[in-house]
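Engineer: Sequence:
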Amino acid sequence: MDTNIEIRHDEEHSRFDLFVDGRAAGVLEYQLDGTVATMFHTEVFGEFGGRGLGTVLVREALGVARSRGWSIVPACWFVRDYIRAHEADADLVAATPS
Numbered sequence: 001m002d003t004n005i006e007i008r009h010d011e012e013h014s015r016f017d018l019f020v021d022g023r024a025a026g027v028l029e030y031q032l033d034g035t036v037a038t039m040f041h042t043e044v045f046g047e048f049g050g051r052g053l054g055t056v057l058v059r060e061a062l063g064v065a066r067s068r069g070w071s072i073v074p075a076c077w078f079v080r081d082y083i084r085a086h087e088a089d090a091d092l093v094a095a096t097p098s
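Numbering of the sequence shown is given in the working numbering, commencing with residue 1 and proceeding in unit increments.
These are calculated hints, taken from the structure and not from any lab test. Predicted model, so just to flag it, every value in this text is computed and none were measured. Take these hints with a grain of salt, some might be off.
Pair by pair, the computed Cβ-Cβ distance ranges are [stated by the list, open to error]:
no.	residue 1	residue 2	range
1	46	94	14 to 24 Å
2	21	95	38 to 48 Å
3	12	87	29 to 39 Å
4	64	22	20 to 30 Å
5	3	35	29 to 39 Å
6	34	4	16 to 26 Å
7	13	66	18 to 28 Å
8	96	47	34 to 44 Å
9	21	93	15 to 25 Å
10	21	96	38 to 48 Å
Think of the CB as a built atom: it goes at the ideal place given N, C-alpha and C, for glycine as much as any other residue.
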């Protein structure tokens, strides 16, 4: 049985919504300030957990950030862990003031 995974970028509400076979399965929320997106919450809902869907969701959100020229602040632990594991995306992290 094939699973249909869809991610919708809801810019009006600053979030990425994850759907599996048409059912809401997760969300990544962010706050955009200019070109800096603070990604502060990632969640995969109950029965959809443990399938790598959070990784798919973060990868899509980072792809959108890259395509739009955004940098990100990984305030959510899941996004931070993803970037640690995928160093190719580390260049998206906004520089911190010294």
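Engineer: It remains to establish, for every hint, whether it holds in the given structure.
Structural biologist: Hints, verified against the model:
1. 46 with 94: 14 to 24 Å: The hint (14 to 24 Å, Cβ to Cβ) is violated, given that residue 46 and residue 94 are roughly 32 Å apart.
2. 21 with 95: 38 to 48 Å: holds (40 Å)
3. 12 with 87: 29 to 39 Å: holds (32 Å)
4. 64 with 22: 20 to 30 Å: Once the Cβ atoms are compared, 22 Å apart, the range 20 to 30 Å for residue 22 and residue 64 holds.
5. 3 with 35: 29 to 39 Å: With a Cβ separation near 34 Å, residue 3 and residue 35 satisfy 29 to 39 Å, so the hint holds.
6. 34 with 4: 16 to 26 Å: About 35 Å separates the Cβ atoms of residue 34 and residue 4, which means 16 to 26 Å is violated.
7. 13 with 66: 18 to 28 Å: For residue 66 against residue 13, whose Cβ atoms are near 21 Å apart, the range 18 to 28 Å holds.
8. 96 with 47: 34 to 44 Å: holds (37 Å)
9. 21 with 93: 15 to 25 Å: 33 Å Cβ-Cβ, so the 15 to 25 Å window is violated.
10. 21 with 96: 38 to 48 Å: holds (40 Å)
Comparing the model with each numbered hint stated earlier shows that hints 1, 6, 9 do not hold.
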